[in-house]
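Undergrad: Full structure from sequences and hints, please.
Quick mapping for you: the protein sequence lines, in order, are chains S and R.
Heads up: the first sequence begins at 572 in our numbering, then just goes up one per residue.
Heads up: the second sequence begins at 820 in our numbering, then just goes up one per residue.
In short, the hints are calculated from the structure, not lab data.
Some clues are possibly wrong.
Stated by the list, open to error - Only pairs whose alpha carbons sit at most 25 Å apart, straight line, appear in this in silico DSS-like list of lysine-lysine: (1) R:K965 x R:K844; (2) R:K844 x R:K854; (3) R:K954 x S:K607; (4) R:K958 x S:K607; (5) R:K844 x S:K677; (6) S:K607 x R:K854; (7) S:K652 x R:K854; (8) S:K677 x R:K843; (9) S:K687 x R:K921; (10) R:K854 x R:K837; (11) R:K909 x R:K958; (12) S:K607 x R:K844; (13) R:K954 x R:K855; (14) R:K940 x R:K843; (15) R:K827 x S:K687; (16) S:K607 x R:K921.
As the list claims (entries may be wrong) - Which stretches of chain S does chain R cover? Using the computed rule of at least three CB atoms under 8 Å from a CB of chain R, they are: (17) 677-689; (18) 707-720.
Using N, Cα and C, we set each Cβ at its ideal position, and we do this for glycine too.
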Amino acid sequence: MGRQQTPDERTADLSRTEELLEQILEKTGRTEEIDKKAADAIKPTGLGVGAAIVPEIDVRIKGIDPAIAEQLRILQTRVAKANGAQALRLQQQQEATLQTVAQQLKSGQSPEEIEKLVAQGQSLLEGGDVEGARNIALQINPAAGPSLDLTQKGSTHE
Amino acid sequence: MSSPLENKLKEIFDSNRKAAEIIKKHPGQSFEQIKKTFDLNVSAHVIVSNHIGLFVSNVLNRKGDLAILAGSAAKRIVLSDPRIAAAFQKLKPEEKAARAEKIFDALASGLTSYFENFKGKELDRAAIIEELTTKVTKKIAEILSKF
Chain S
572 MGRQQTPDER TADLSRTEEL LEQILEKTGR TEEIDKKAAD AIKPTGLGVG AAIVPEIDVR
632 IKGIDPAIAE QLRILQTRVA KANGAQALRL QQQQEATLQT VAQQLKSGQS PEEIEKLVAQ
692 GQSLLEGGDV EGARNIALQI NPAAGPSLDL TQKGSTHE
Chain R
820 MSSPLENKLK EIFDSNRKAA EIIKKHPGQS FEQIKKTFDL NVSAHVIVSN HIGLFVSNVL
880 NRKGDLAILA GSAAKRIVLS DPRIAAAFQK LKPEEKAARA EKIFDALASG LTSYFENFKG
940 KELDRAAIIE ELTTKVTKKI AEILSKF
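TA: Have a look at this one:
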């Protein structure tokens, strides 16, 4: 009976990779090194194209035993799926920072000026001067006004 | 407990501090250029994570000698990291080989020493993979920037 595996959310399940690669080398009798095969088999393409991430599978498994090829295809599909999810998560994490980069570049303020203001704002916030910190935040990004409206501080809507 | 406004302000300051650091690291670059680097880094992180995942599983399941497994993982990473491929594009084969070897040496010894000095750490497979992936991804960027 096959062992049920719990997929790890943060990484692709590659537990069968080594075994499959060894079988491929054994069956084909090719002299290519296993590390090159692994690099090719695991390498996803098409990642990082904005929000529309379409992980493609780099299948270079022609001319090998069909049963092994099928297992490798299943593995690659799983890898591609996990890669897509992971890439999307990373991009989502960075989205806010990227938007801020765009806004800072547009505003024309130098990064040094921004850092100075941020330090000032953080210090005010730590000292409990929320209104002072809010004013600094508005100097950094005037467009943040509506989301920093004191009258809406209980609201969870953007 | 912080109020929603305080949390929002903290978020704005953190995000702006990070953004300012990024802009300082890419002087004179447009948003599109910076975004391209970001996308390449995401892709590299995912690929490195796969190889590191496999390496960590093999080490924890004792499927071979640590130095050999580390060498194998380092080689696979060098062969598939898109940042390395992009940086090496215009190099002569002998330059590529020399630089690839430098990266390989740094990664292989880093991966080996990580587990050699592992004592006292909690054995959380996912956390180890995440930590090693971040270390390796940063290390490669650092080496590439020095070439």
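Undergrad: Run every hint past the structure and note whether it holds.
TA: Hint by hint, here is what the structure shows:
1. R:K965 x R:K844: holds, 14 Å
2. R:K844 x R:K854: holds, 13 Å
3. R:K954 x S:K607: holds, 23 Å
4. R:K958 x S:K607: holds, 21 Å
5. R:K844 x S:K677: Distance of about 17 Å is within 25 Å: holds.
6. S:K607 x R:K854: Distance of about 30 Å is beyond 25 Å: violated.
7. S:K652 x R:K854: holds, 23 Å
8. S:K677 x R:K843: holds, 15 Å
9. S:K687 x R:K921: Not satisfied, since the Cα-Cα distance of roughly 38 Å exceeds 25 Å.
10. R:K854 x R:K837: Since the Cα atoms of K854 of chain R and K837 of chain R sit roughly 14 Å apart, the hinted pair holds (cutoff 25 Å).
11. R:K909 x R:K958: Holds, at about 22 Å.
12. S:K607 x R:K844: violated, 33 Å
13. R:K954 x R:K855: holds, 21 Å
14. R:K940 x R:K843: Given that 25 Å is the threshold and the Cα spacing comes to 35 Å, the pair is violated.
15. R:K827 x S:K687: holds, 19 Å
16. S:K607 x R:K921: Distance of about 18 Å is within 25 Å: holds.
17. 677-689: holds (count 6)
18. 707-720: n = 6 at 8 Å, threshold three: holds.
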